[in-house]
Amino acid sequence: MAAPAPLLSVEDLSVEFRTREGLVKALDRVSFDIHRGETVGVVGESGSGKSVTAFAIMRILDPAARITGGRVAFDGVDLVAAHEPELEARRGRDLSMIFQNPRTALNPIRQVGRQIGDVLLRHGGAKRGEVRARAVELLAQVQIPDPARRYWAYPFELSGGMCQRVMIALALACGPALLVADEPTTGLDVTTQAAIMDLIDELARAKRMATLLITHDLGLAALHCERIVVMHAGHVVESAPTAELFASPRHPYTAKLIAATPGPGISLEELAAIPGSLPDLRGELPACRYSRRCERYAPFCDEPLPLAEVGPRHTVACGKPL
Amino acid sequence: MTAAALRHARYVVTENPITLVAFSMLLLLLLLALLGPALAPYDPLKSDTASTLKPPSMRHWFGTDQLGRDMLSRVMVATRLDMAIAFSAVALSFTAGSLAGACAGVFGGWTERIVSRISDTIMAFPLFVLAMGIVAALGNSVFNVVLATAIINLPFYARMARAEANVRREAGFVEAARLSGNGTMRVLAVHIYPNCLPPMMVQASLNLGWAMLNAAGLAFIGLGVRPPTPEWGILVAEGASFILSGEWWIALFPGLALMLAVFCFNLMGDGLRDLIDPRRRT
Numbered sequence: 008m009a010a011p012a013p014l015l016s017v018e019d020l021s022v023e024f025r026t027r028e029g030l031v032k033a034l035d036r037v038s039f040d041i042h043r044g045e046t047v048g049v050v051g052e053s054g055s056g057k058s059v060t061a062f063a064i065m066r067i068l069d070p071a072a073r074i075t076g077g078r079v080a081f082d083g084v085d086l087v088a089a090h091e092p093e094l095e096a097r098r099g100r101d102l103s104m105i106f107q108n109p110r111t112a113l114n115p116i117r118q119v120g121r122q123i124g125d126v127l128l129r130h131g132g133a134k135r136g137e138v139r140a141r142a143v144e145l146l147a148q149v150q151i152p153d154p155a156r157r158y159w160a161y162p163f164e165l166s167g168g169m170c171q172r173v174m175i176a177l178a179l180a181c182g183p184a185l186l187v188a189d190e191p192t193t194g195l196d197v198t199t200q201a202a203i204m205d206l207i208d209e210l211a212r213a214k215r216m217a218t219l220l221i222t223h224d225l226g227l228a229a230l231h232c233e234r235i236v237v238m239h240a241g242h243v244v245e246s247a248p249t250a251e252l253f254a255s256p257r258h259p260y261t262a263k264l265i266a267a268t269p270g271p272g273i274s275l276e277e278l279a280a281i282p283g284s285l286p287d288l289r290g291e292l293p294a295c296r297y298s299r300r301c302e303r304y305a306p307f308c309d310e311p312l313p314l315a316e317v318g319p320r321h322t323v324a325c326g327k328p329l
Numbered sequence: 031m032t033a034a035a036l037r038h039a040r041y042v043v044t045e046n047p048i049t050l051v052a053f054s055m056l057l058l059l060l061l062l063a064l065l066g067p068a069l070a071p072y073d074p075l076k077s078d079t080a081s082t083l084k085p086p087s088m089r090h091w092f093g094t095d096q097l098g099r100d101m102l103s104r105v106m107v108a109t110r111l112d113m114a115i116a117f118s119a120v121a122l123s124f125t126a127g128s129l130a131g132a133c134a135g136v137f138g139g140w141t142e143r144i145v146s147r148i149s150d151t152i153m154a155f156p157l158f159v160l161a162m163g164i165v166a167a168l169g170n171s172v173f174n175v176v177l178a179t180a181i182i183n184l185p186f187y188a189r190m191a192r193a194e195a196n197v198r199r200e201a202g203f204v205e206a207a208r209l210s211g212n213g214t215m216r217v218l219a220v221h222i223y224p225n226c227l228p229p230m231m232v233q234a235s236l237n238l239g240w241a242m243l244n245a246a247g248l249a250f251i252g253l254g255v256r257p258p259t260p261e262w263g264i265l266v267a268e269g270a271s272f273i274l275s276g277e278w279w280i281a282l283f284p285g286l287a288l289m290l291a292v293f294c295f296n297l298m299g300d301g302l303r304d305l306i307d308p309r310r311r312t
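Taken in order, these protein sequences are the chains called A and B. Just so we're aligned, residue 8 is where the first sequence starts under our numbering, counting upward by one. Just so we're aligned, residue 31 is where the second sequence starts under our numbering, counting upward by one.
Any given hint could turn out to be false.
Said to hold, decoys possible - The calculated SDA-like cross-link candidates involving lysine to any residue, where the alpha carbons are at most 25 angstroms apart (straight line), are:
1) A:134 x B:257
2) A:134 x B:213
3) A:214 x A:268
4) A:134 x B:214
5) A:327 x A:282
6) A:214 x A:190
7) A:134 x B:216
8) A:134 x B:219
9) A:327 x A:52
10) B:76 x B:273
11) B:76 x B:257
12) A:134 x B:220
13) A:327 x A:268
14) A:327 x A:251
15) A:214 x A:16
16) B:76 x B:91
17) A:134 x A:100
18) A:134 x A:190
Please keep in mind that the hints were generated in silico from the structure rather than gathered at the bench.
Could you put together the complete structure from these sequences and hints?
Structure representation (structure tokens):
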């Protein structure tokens with residue numbers, strides 16, 4: 008598999024938050040790649056740094072956060088070093104993001120069609136006269152019924168699923184090369200979830216768009232991603248093609264995560280909770296941030312963490328992999 | 031679009047009887063302001079020595095003053111000036127205050143510090159006395175009354191806009207707007223500022239009343255508008271000296287007009303907000 012250069016390459020990305028109680032090391036040397044047209048899932052429990060990773064890639068981190076190291080190479084440009092005008096020109100055009108709570112993500116007092124039009128005018132080089140027709144087309148593309156009428160709808164007049172469709176139309180308006188989807192289906196009911204995910208899949212395939220799907224739902228990632236990156240407490244612990252990850256997880260945390268994921272034919276008793284909770288990310292941390300929760304802990308786990316290549320595009324950060 | 035807006039306006043007005051009353055009164059005031067001089071039965075400045083200090087009658091509904099001028103005509107003609115002062119003062123302070131406040135709320139830092147300290151300083155004065163001082167210092171003219179009224183109301187808009195913008199700075203749609211490539215200024219202008227307006231409309235409407243009272247108050251003590259120009263505050267001032275001798279109508283009718291106008295603006299607030307907030311269109 009002599010793959011071409013990846014579209015997005017995150018290398019050793021570290022992020023810290025300055026808080027009143029000290030420095031929080033939210034991300035520590037996070038690395039992964041996404042190729043054109045590929046869907047990669049980032050999974051992990053709440054607080055593992057998934058969303059911070061997404062925000063860092065988009066460079067919209069909170070003012071209290073600071074990128075302390077690493078590179079985010081996107082299409083040959085390092086986004087970490089890029090200046091604000093360059094980022095503004097790229098956001099919405101080359102890389103887009105959708106997130107949870109689609110209701111709050113749309114301007115409540117602006118018609119949804121005009122919000123899509125705003126993006127087209129900002130990046131698309133579309134002429135004023137064409138914008139409206141183009142926005143209606145985009146609404147139709149995300150399967151919103153009666154798009155010409157919905158163009159004039161305000162967000163509060165639409166259901167949550169409908170708002171998420173509008174968000175997707177907005178994010179994909181300029182045909183970005185990368186879509187970052189941060190928990191896109193949280194808060195939607197199950198049937199809507201499936202419909203939204205299928206829609207993202209379909210549009211991604213049609214446009215050869217890369218998708219970074221951030222979710223705590225391993226089942227969802229299994230269904231929609233070609234590769235999965237598992238995060239724990241700001242570390243990437245394992246990264247592997249989906250089938251291989253499920254068949255033979257190498258990191259103890261991944262194995263626990265899979266065992267804790269409900270699926271067909273698994274009774275509630277068979278689901279195993281992961282013992283312990285995420286470590287406090289302030290102050291000094293052990294080399295392996297999972298070691299305090301790990302049943303396989305051995306003294307050499309406190310040595311600097313190895314990153315082992317255990318198969319094609321399969322890496323694991325563990326001194327004593329399964 | 032305009033058809034929908036009109037439908038919405040009709041809905042807002044008919045749904046709440048108080049709004050209906052307020053908007054009808056506003057309409058009356060606006061008509062008087064526009065057509066007052068044409069509708070007035072007499073020349074408001076023409077004295078008639080034959081009929082001075084006459085009580086209300088069929089010939090002079092509101093009576094006449096010490097120079098025999100028709101009070102009804104004077105009250106009607108004064109509407110334009112009072113409305114003009116109130117509206118321009120509010121427009122001025124609304125625009126300046128909300129823009130400064132929204133910038134302060136969004137940018138924080140020194141912008142916020144400067145805007146807040148200026149607001150605090152203005153609010154540290156008794157506002158009416160401050161207005162008197164400004165008019166006295168800048169010169170006794172109608173424009174300076176407008177300016178003074180605008181300045182004393184500025185802090186209320188600035189503080190409110192700052193709070194509203196501050197809340198919305200973190201809103202999801204602001205983040206989304208940044209994510210689709212909008213710079214700070216565009217996010218502020220298209221997404222944050224318009225979202226701050228509906229709650230501020232209530233304030234603006236109440237403020238119209240205050241502005242009017244303030245202008246009338248300044249005129250009452252002899253600042254700004256000068257006699258013989260008809261203005262409600264001056265009319266009340268002129269009539270005040272006659273109340274004791276029994277000629278109550280000279281002060282009563284302009285005072286009543288002033289009170290009704292302020293009452294109308296106070297009632298109008300909620301209706302005005304409903305009118306510009308699309309979320310009320312259900």
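Are the Cα positions of residue 76 of chain B and residue 91 of chain B separated by 25 angstroms at most?
Holds: residue 76 of chain B and residue 91 of chain B sit about 16 angstroms apart, inside 25 angstroms.
Does residue 216 of chain B sit within 25 angstroms of residue 134 of chain A, going by the straight-line distance between their CA atoms?
holds, 19 angstroms
Regarding the pair residue 134 of chain A and residue 219 of chain B, is the alpha-carbon distance no greater than 25 angstroms?
holds, 21 angstroms
Holds or violated: residue 134 of chain A with residue 214 of chain B, Cα cutoff 25 angstroms?
holds, 24 angstroms
Does the structure keep residue 214 of chain A and residue 16 of chain A at a Cα separation of 25 angstroms or less?
Given pair residue 214 of chain A, residue 16 of chain A holds - Cα atoms ~20 angstroms apart, limit 25 angstroms.
Does residue 257 of chain B lie within 25 angstroms of residue 134 of chain A when you go C-alpha to C-alpha?
violated, 58 angstroms
Assess, step by step, whether the Cα of residue 327 of chain A is no farther than 25 angstroms from the Cα of residue 52 of chain A, and give holds or violated.
holds, 22 angstroms
Assess, step by step, whether the Cα of residue 134 of chain A is no farther than 25 angstroms from the Cα of residue 220 of chain B, and give holds or violated.
holds, 19 angstroms
What's the verdict on residue 327 of chain A and residue 251 of chain A, does the C-alpha distance respect the 25 angstroms limit or exceed it?
holds, 18 angstroms
Residue 76 of chain B and residue 273 of chain B: Cα distance at most 25 angstroms?
Between residue 76 of chain B and residue 273 of chain B the Cα gap is close to 23 angstroms, so the pair holds against 25 angstroms.
Pair hint outcome, residue 327 of chain A versus residue 282 of chain A [Cα-Cα no greater than 25 angstroms]
Roughly 19 angstroms between the alpha carbons, so the hint for residue 327 of chain A and residue 282 of chain A holds.
Taking only the CA atoms, is the gap from residue 134 of chain A to residue 213 of chain B under or equal to 25 angstroms?
holds, 21 angstroms
In this structure, the earlier hints numbered 1, 3 and 18 are contradicted, and the remaining ones agree with it.
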